[in-house]
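Based on these hints, arrange chain B on the given structure of chain A.
2 protein chains.
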Amino acid sequence: MPKKWVYLFNEVELAEAYVGGNWDGVRGLLGGKGANLAEMARIGVPVPPGFSVTTEACNAYLAESGAFPEGMWEQEKEALKTIEIATGKVFGDPHNPLLVSCRSGAKFSMPGMMDTVLNIGLNDETAGGLAKMIGDERFVYDSYRRLVQMFGSVVMNIQDEKFEEVITATRRDYGVNVDSELPADAWKKVTEKFKRIFKHYAQMDFPTDPYEQLHLATEAVFKSWNGKRAVDYRNAAGISHDLGTAVSIVTMVFGNMGDDSATGVAMTRNGSTGEKQLEGDYLINAQGEDVVAGIRLTKDLSEMKRDMPVAYREFEEVANLLEKHCRNMQDLEFTVEKGKLWMLQTRDGKRTAQAAVRIAVDMAEEGLITREEAVLRVAPEQVDFFLHPQFDLKAVEAAKAEGRLLASGLNVSPGAAVGVVAFDADRAELWAKEEGKQVIMVRPETRPDDVHGMLAAKGILTTRGGRTSHAALVARQFGKPAVVGVSSLIIDLGRRRMSVKDTIVHEGDWISIDGTTGEVYLDKLTTTIPDIKDSWLIKLLSWADEFRRLGVWANADYPRDAKRARDYGAEGIGLCRSEHMFFESERLPFIQKMIMTDFPIERREALNSILPFQRDDFAGLFRVMDGLPVIIRLLDPPLHEFLPNHVELMRDLSDLKIRIKNAGNLSDIDDLLQKIRLKEKILKRVESLREQNPMLGMRGVRLGIHIPELTMMQVRAVFEAACIVAREGIKVYPKIMIPLTSHVNELKAQRITLEAEAIKVMNEQGMEIEYKFGTMIELPRAAMTADKIAEHASFFSFGTNDLTQTTFGISRDDAESGFLVEYLGSGILPDNPFATIDRDGVGELMDIAVKKGRSVKPDLECGICGEHGGDPKSIMVCHELGLNYVSCSPFRVPVARLAAAHAALLDKKA
Amino acid sequence: MPKKWVYLFNEVELAEAYVGGNWDGVRGLLGGKGANLAEMARIGVPVPPGFSVTTEACNAYLAESGAFPEGMWEQEKEALKTIEIATGKVFGDPHNPLLVSCRSGAKFSMPGMMDTVLNIGLNDETAGGLAKMIGDERFVYDSYRRLVQMFGSVVMNIQDEKFEEVITATRRDYGVNVDSELPADAWKKVTEKFKRIFKHYAQMDFPTDPYEQLHLATEAVFKSWNGKRAVDYRNAAGISHDLGTAVSIVTMVFGNMGDDSATGVAMTRNGSTGEKQLEGDYLINAQGEDVVAGIRLTKDLSEMKRDMPVAYREFEEVANLLEKHCRNMQDLEFTVEKGKLWMLQTRDGKRTAQAAVRIAVDMAEEGLITREEAVLRVAPEQVDFFLHPQFDLKAVEAAKAEGRLLASGLNVSPGAAVGVVAFDADRAELWAKEEGKQVIMVRPETRPDDVHGMLAAKGILTTRGGRTSHAALVARQFGKPAVVGVSSLIIDLGRRRMSVKDTIVHEGDWISIDGTTGEVYLDKLTTTIPDIKDSWLIKLLSWADEFRRLGVWANADYPRDAKRARDYGAEGIGLCRSEHMFFESERLPFIQKMIMTDFPIERREALNSILPFQRDDFAGLFRVMDGLPVIIRLLDPPLHEFLPNHVELMRDLSDLKIRIKNAGNLSDIDDLLQKIRLKEKILKRVESLREQNPMLGMRGVRLGIHIPELTMMQVRAVFEAACIVAREGIKVYPKIMIPLTSHVNELKAQRITLEAEAIKVMNEQGMEIEYKFGTMIELPRAAMTADKIAEHASFFSFGTNDLTQTTFGISRDDAESGFLVEYLGSGILPDNPFATIDRDGVGELMDIAVKKGRSVKPDLECGICGEHGGDPKSIMVCHELGLNYVSCSPFRVPVARLAAAHAALLDKKA
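Residue numbers (my numbering), protein chains in the order written: chain A, 381 to 1290; chain B, 381 to 1290.
Keep in mind that the hints were calculated from the coordinates and are not lab data. Since the structure is predicted, the reported quantities are computational estimates derived from the model, not experimental observations. Note that CB positions come from ideal geometry on N, CA and C, so glycine has one too. Any given hint might turn out to be false.
Said to hold, decoys possible - Computed Cβ-Cβ distance ranges for the label pairs, DEER-style:
1. A:1068 <-> B:1067: 19 to 27 Å
2. B:1055 <-> A:1037: 22 to 30 Å
3. A:491 <-> B:966: 55 to 63 Å
4. B:1132 <-> A:1171: 42 to 50 Å
5. B:491 <-> A:1220: 52 to 60 Å
Bound conformation, chain A alone:
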């Protein structure tokens, strides 16, 4: 007996037994589409009768260079007979013709890559008979010409233009613009012309024998597995070339056979809100195409209840069944042919972030899925949706249609923002604070002294910079929507305007920016505001917390950020950048004084003036984080960042010199001269601090060693604050962190300075504060020598931004608007390593650091405080490497909680 090459949809058990009982094997044998239809058939869902020719048949056919394997064609014909019986229709019978489609279906979906032929079984006779049956000649001959056309192009490789040219000419003849306006006789004529084209190019008549049609179509599908498009696709997608394709032969059903016929699409739950309610659109006496194309006005599915109650009830039951069976919200396609319901497709339905959360939680509570599954059903990025205003989708579509999309750039901080353009930080702040305006701050790029404007603005837009530019970092930190690196936008600060080609936007004009997509629009777009307090989300996150192993901490510099982080579920502060506080306007002068002076006494005086500010900041943080750890990183950035910009200084100086020329009286001149001298002094210092590669220069621990008084002041502020707050009854766990360590001796040296000061303060205060001393691991050398470093550190925190820069030898400031874009575009790099941890390089170094560190201190606490700490893919890596926690911006905390749960659950699975 020959091998079984053909499986009817209701023979799925046989197929399953043949492959050894696993569903993956069934998909491999029958293809995804065939398996899906068979599965529906198995659970009693009415699918149009049909069968699949196996992938094994395809492979055998290709191996024997074009001969069907023994018995296959006979089995195919046999299966067709069974279908005839099931449908009561007969293949080739003019009075009640059976029509079938012949589709490819591989194990993995390869959309559009292989061939399909519809309407097999039509010829002059059956077309005439069918037209009479359904009373729609136009539809029948349109179908018929499609068969000829598909057959010609797919099976016979005739150029499709040859056919299309005829349709174009016909439209012209009939004086119509679209195909749907052509009447039945036009399609009849087209069909005849197509048959002539077919004969001319294929050197044979169009086969009128339905069996011949089926035979040729089956062969064509088999061959299409090795077509160039399909091979290229598989190469790109990494799909094996020896899988082969199955061929599914499915009965054509028609929703346009009268008023007892219909067709429609539905979702088992609301895809926008997640509400549990069957929703959809349908049309009576219509084809599926009509619903999708939107040519006819569809009816709401609820009306079907009234129009065809029996079919509706059956559909409702089927929908329920499928959702239960698939354990997910389903997107369904169906047709009712003369009162009989046929399901054509079921698949997991697309949904908004909000719906995803609600559906997952509801299904878990309904007992349909487990809580673990519910947590895994929501992508971590979807949580972000709840944290930021979003543009209304319709408003976005409308704006695009109206040509109001001005430009796009990097989507570095999610959310939608609307405001008037302000071109500098001072104006942004003035307009926002004093005039109550909503402002979008627009700059070529931002610097630390722009922060007050950024805080006052609703959103930030820059033309330069990348994902980790100052603008991006600050925006994410404060949850401000931001788009950066919009290189097509030209800012003319002189004229206070910006432009893209001919479109000019003046300061004060309204724009809307979408930090989620990176798009910039003219004028205002309406926004909607989701909410983290969504009860389904809160439930989902609480489940996630039960599953995750990683702690989730936050990077926060100010009490208000720490408060938000804690509200969002952060379990500690993983990074307080103590220098951010220095940029505030009342403190900056003291910092500048400290940098400018050559005298130790003046330096100490300046530091003493900063001390109370730092102490208050730290105290505030400790109060908010009562009972939780707070990691304070000592000063990190190069000192020149605290001084004015070099170019600006030059300009100011030249302005002053011009003014002195025009000055009228001696006291003015004297005044100006003094100003010039001061500026010149600052300029000199700025020049002396200048470095070729500041990223690799005098910063981090190098500063602390160079100016021990700075370390001492910061440590004093930490411990004075800790003592004050502890006296209030608050539990305080300060952890002091050294940045940019490359050699353990740096740590040793700082530790001596630091511990002496800490003990001094505690003695003064008469209190004992429990504290920890640790270091950033952000240089390859620190990772490689982590065992030595661990001897002097009780915790590690990976600074993966800098670690990525040094490991790759990439300056992010330059590269993210430069060659990195080229690399990502051409696929040299699969991911932006500043967005997602580079597992092979940076990840390996982290792995070494964790292992070496714990070889010395088995319970060494390891965390991450780089930007990657909020990126789900990177969180997966952190879990894998055995870190204790991730620390990210407050706004990413909920995302990270979910991602950490994903990591733990997927780890458990594997």
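Below, chain B without anything else, positioned relative to chain A:
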């Protein structure tokens, strides 16, 4: 019977048996000094009779808090009796008194850390007797007062100033300036005063009993082991605290007992030239101090042959014996007391580089040592001496004495150079070429377009930059002496002069710079010129070649460098920096054109113009390296390096704009306008190429990917050159190397471009050239993913300069004149990682890279072409890591050959 605590010098066999037969144990028991004297005694060398009290006795004394262990004192007295018999003198006998010294001697030398008491045995009676015997009252009472003083300060802890005050007062009384002018009666008085001081502070009379003196001195030496100075020293030097010190009691001998007495020092071979000849200085009727202090004019040792032939003959025999026994050139101290020779010390003699080489080779040929030992006897750095002119030592001393040492900086390229100061490259070249002057080029720092001046100059001096600054790299490459980073030197380019404090040097003044020491002198110093062709050196290096496992290649960009490298023994070119050729004046315009244009055709034209130059350069290299491999690295530096400096452009532009204001006629204005437009265009491009951290920017393979035409041109030049040269019958082995790879995909992409072009050229030429394709490993990520990279590279070459920068996160340009200096000064870093490979960090990454690379390709060729390739300590690391070769500047090749042999021999030993 009590334990043996005391060993006479001639009881060394007993000591050796006691410790189990090893010399290390003997040193541990008797101390270094005691063991050395005993060893001389053993082989029959006349040493003053004496004995050692063991370290065990010391430990027992310290453990029992100040009691001599049982039997020790009795043994000590017993030993003294034996000495009395040997010398015919008696301890405490006024007529023929025995005097002894009592010295500490630990296993490891701790110079000056512990106590010594000389002249034990003197009291009023013995002093009188001795004075009569030697007829030199002055000497005897000086010795006596020394005993009282040492006893007071060492044994009784009396402040030494109390004694010194007396001497100062006595000098005043006698109206003399130095001690040596004080007469005998002055010393008699001083001795009496010292005894009174002793009594006052020690609350006891100065002990007149020699045995009491010896008892107290022995105790004092024991105690000094735990003195603060000694403990601190051991902590710093890592010497164990439980070793204890031995006490050596040695008969005092006197070379000032008449004309049959003498004292002297000698070397068994000439310490400057290495010639085999006993040389030294001596004085009849004198003390050792007199020879060393240079108060009296010494006689040449050869005269002793005539003056005291018997003693001389004996001394000659002893010297020979000691050299043979110690198997090294010896530095000897001796005294003849009344015709009797006594050896006081023998130790390995110091020698110049030249002498070290000759002595090692001679001794091997004499059969005294093996060739392996000979190779290990010469420090690799000593070879460098033969490659560069050196300042005459006396000239240096004289210059320092005259206050002509102007400043000092980093000694980045060895050798001495003398010339007139020129403050820019053009003037340096002009003066050197057209006026035939010797020039020292002096700049704040150098840039690629200064190279012509550097080549024309005899030496280079800069005030900024570090060990791997441009100036340092180029200087080493071309063997030009250079001193950089002389921060105390202020250059005033406006006035064409430089100064250190008040000393001003004008352009055209003579200076001398020493690249070996980093010193800068005013005026001319005389130089001497050693030679690599020194026959002893050639022999030594040929032996080294037999022992080493590492290959030694050279970094060379031009045929002339390759020639030198090959002459010095290089076995290949490990790095040809193909871009260096671009800086030559006839090529730079084309490179600039390529960078400036926006049009692909113009770019290709520019590249085509460069092609013939590159082809010729490569052909030249291949010819010189006939039969040896040549690694050509594709373009590496950022493009802005080929364009004019930003600040200079700004200045030029403002100059032009001023000139246009003053221009008289229209055609002048037109001309100036055109120039302005061109400069503005260049300025714009320079600004667009500007990067925050150029070290981490658009360079290396990133350039090759961005501008594939550049890679294609370079590859074409390589293969056209290879074909041309191969046709001449020369064996050519080109290897193409990609710089700055961080991801294997970069390599894959370049390989495709490159191989296509290579095949194209070979087809055009109708020839097949064997070639290899490889990559630099100079980023941590490349090291971490070396297994993946090795799949597409047939060789690795470690670029340890950049690897060190990225591993440490240090920009060498900034740091070597900045915080790195601070770090090295304070010991945070033990070595400059840009001079010597950081084994723990960078070395670990290299280790990973070699292992991962060879896990994929077991015979992967691994080399190093960073600056470290010529550093002996780093070569040791390269050997350990299993590299195939080191590549260094041609001038370092001989050094590297010797260092590689050292590595192999030390490895074999261990």
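Quick rundown of the hints versus the structure:
{"no.": "1", "hint": "A:1068 <-> B:1067: 19 to 27 Å", "in the structure": "23 Å, holds"}
{"no.": "2", "hint": "B:1055 <-> A:1037: 22 to 30 Å", "in the structure": "27 Å, holds"}
{"no.": "3", "hint": "A:491 <-> B:966: 55 to 63 Å", "in the structure": "59 Å, holds"}
{"no.": "4", "hint": "B:1132 <-> A:1171: 42 to 50 Å", "in the structure": "48 Å, holds"}
{"no.": "5", "hint": "B:491 <-> A:1220: 52 to 60 Å", "in the structure": "54 Å, holds"}
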